[in-house]
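A.B. asks: Can you make the complete structure from the sequences, with help from the hints?
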Amino acid sequence: MTTVEETDAQAAKAEFLARLKEFEGLHCESGVLALDPVNGPMIRHWAEAMGDTNPVYTDAEFAKTTHFGEIVAPATMLQVWIMRGLHAGQPGGDSPVQRLYDLVVEAGFGSVVATNCEQEYMRPLRLGETVEYDQLIETVSEEKTTGLGTGHFITTLVNIFVRTGEGAEERELVGTHRFRILRYTPHKRKPKQEFKPRPRRVVNRDSKPFWDGVDEEKLLIQRCTECGTLRLPFGPGCNNCASLEWDTVEAGGLGTIYSHVTMHYPKFPAFDMPYAVALIELDEGVRTLSNIVGIPHDEVRIGMRVALEFVQHDADLKLPAFRPVDQEA
Amino acid sequence: MAASISYDDVEVGTELPAQTFPVKRENLVRYAGASGDFNPIHWNQRFATEVGLPDVIAHGMYTMAEAVRVVTDWVEDPAAVVEYSVKFTRPVVVPDPEGAVVEVTGKVAQKLDDRRVRVDLTVTSDAGKVLGVPRAVVQLA
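Residue numbers (my numbering), protein chains in the order written: chain G, 334 to 662; chain C, 422 to 562.
Note that these hints are calculated values from the structure, not bench results.
Note that this is a predicted model, so its numbers are computed, not measured.
Glycine is no exception: its CB is placed at the ideal position from the N, C-alpha and C atoms.
There could be a bad hint or two in this list.
Each computed DMTMM-like pair below joins lysine to aspartate or glutamate, with the alpha-carbon atoms no more than 25 Å apart [stated by the list, open to error]:
no., chain 1, residue 1, chain 2, residue 2
1, C, K528, G, E453
2, C, K508, G, D467
3, C, K532, G, E453
4, C, K528, G, D385
5, C, K508, G, E471
Derived, one-sided and incomplete: chain G residues facing chain C with beta-carbon distance under 7 Å [claimed, not checked]:
no., residue
6, H378
7, A447
8, N449
C.D. replies: Spelled out as structure tokens, the structure:
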């Protein structure tokens, strides 16, 4: 089923493509003269940018000893001679290729990236030669979606000549430059994730001594001073004898995974989903809930031996966690 | 400096000396000036990221021209390359200040008529191919 809107959108697309296709085969820019003749300074700057130290590009004396007999321009500098300087690519030109570019930009395909280049070099260019060129729009693609975005490929062919003959009436083809670009709309980028802190510790009159211990990297267990029963988490009274008197002992830090779950959902930005949550039976006999770190969540097993460590999640949040240890320990 | 490599001395599979080319922002700024290609994706990080690129990227023509030096340095004759084509498959991302490294290897893929050979290059940066099917037709001695 297609909706009316979809049909309209398809028709608009087809109409736009038909307008683009009218540009195929158009010869634009015939016999355009290069802005500058092939010259030493431009060659030197280019060779320096490339790090190419071949002296045949820059040293006339050396060049005389070569089969060229004189300085030549690097072959891959071909395109440089037909560039139009700082105003290249600005809207407002009247050549067919510029009108084509304006059309696709107007349609929202404002970004550009080069995708292919094919060159032929008939002979090297020499100092003082001024090239001229013809440009042809070879193909305009239908709308395509790539990794970068959605748009149209445009292929142009530039034939590059040097005038020869007594009255300079002949044109010698010295090179060809076929270039394909993608004019596109970039994919929408996902907004950057803000820093989402983990939930804060809940500190109250009962739990404060526990968290003070964590700050000193100690895992404290509450102990009833009447009957000696250990308890965790901290609470006001003994579950065994109801006494309100207590002190603490520091856990040795070793335990065994008693049970565990893996959290897949809901997705909390502060957590690396999915992650393991385990109930750990400390060697002292009490159990505590914590994260298992150091192994993938799906390798956590009941009975694993684990050791206490402290994880600093952010400037204000330090929490105990457990990491598997040598299973003999 | 005619081509120093003889057609008779190469076979399909002959490897060209590999080369490594460091690319820094400075190279791109120089190349922009030297080539006349002032597209800001090649020197302006803000602009590059706004149009969806990971960072400033090297000019395709720069990478193309740099890569073929494996051929021109091998034959020692810059006029020996008669045809050269590439696809710009993946941009060379050039972060500041560390830059990027372009690694190029090449080998003779086919012996053609008129003492010419086809050389296929492999051009990688950051462990990925940046040019697709880079091929040069080379006139040998």
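A.B. asks: Hey, does the A447 of chain G contact hint survive, CB to chain C under 7 Å?
C.D. replies: 4 Å, holds
A.B. asks: Given the hinted pair K508 of chain C and E471 of chain G, is their alpha-carbon gap at most 25 Å?
C.D. replies: 17 Å, holds
A.B. asks: Verify the proposed pairing of K528 of chain C with E453 of chain G, using a straight-line Cα cut of 25 Å.
C.D. replies: 20 Å, holds
A.B. asks: Once the shortest beta carbon distance from H378 of chain G to chain C is found, is it less than 7 Å?
C.D. replies: 4 Å, holds
A.B. asks: Straight-line Cα separation of K532 of chain C and E453 of chain G no greater than 25 Å?
C.D. replies: The given pair, whose Cα atoms are some 18 Å apart, holds under the 25 Å limit.
A.B. asks: Is the hinted pair K508 of chain C and D467 of chain G satisfied, with a Cα-Cα distance of at most 25 Å?
C.D. replies: Measuring from Cα to Cα gives roughly 23 Å; hence the hint holds.
A.B. asks: May I ask you to test the interface hint for N449 of chain G with respect to chain C, counting a Cβ-Cβ separation under 7 Å as satisfied?
C.D. replies: Status holds, d = 5 Å.
A.B. asks: Are K528 of chain C and D385 of chain G close enough, with their CA atoms no more than 25 Å apart?
C.D. replies: It holds: about 21 Å lies between the C-alpha atoms, which stays within 25 Å.
Checked against the numbered hints above, the structure breaks none of them.
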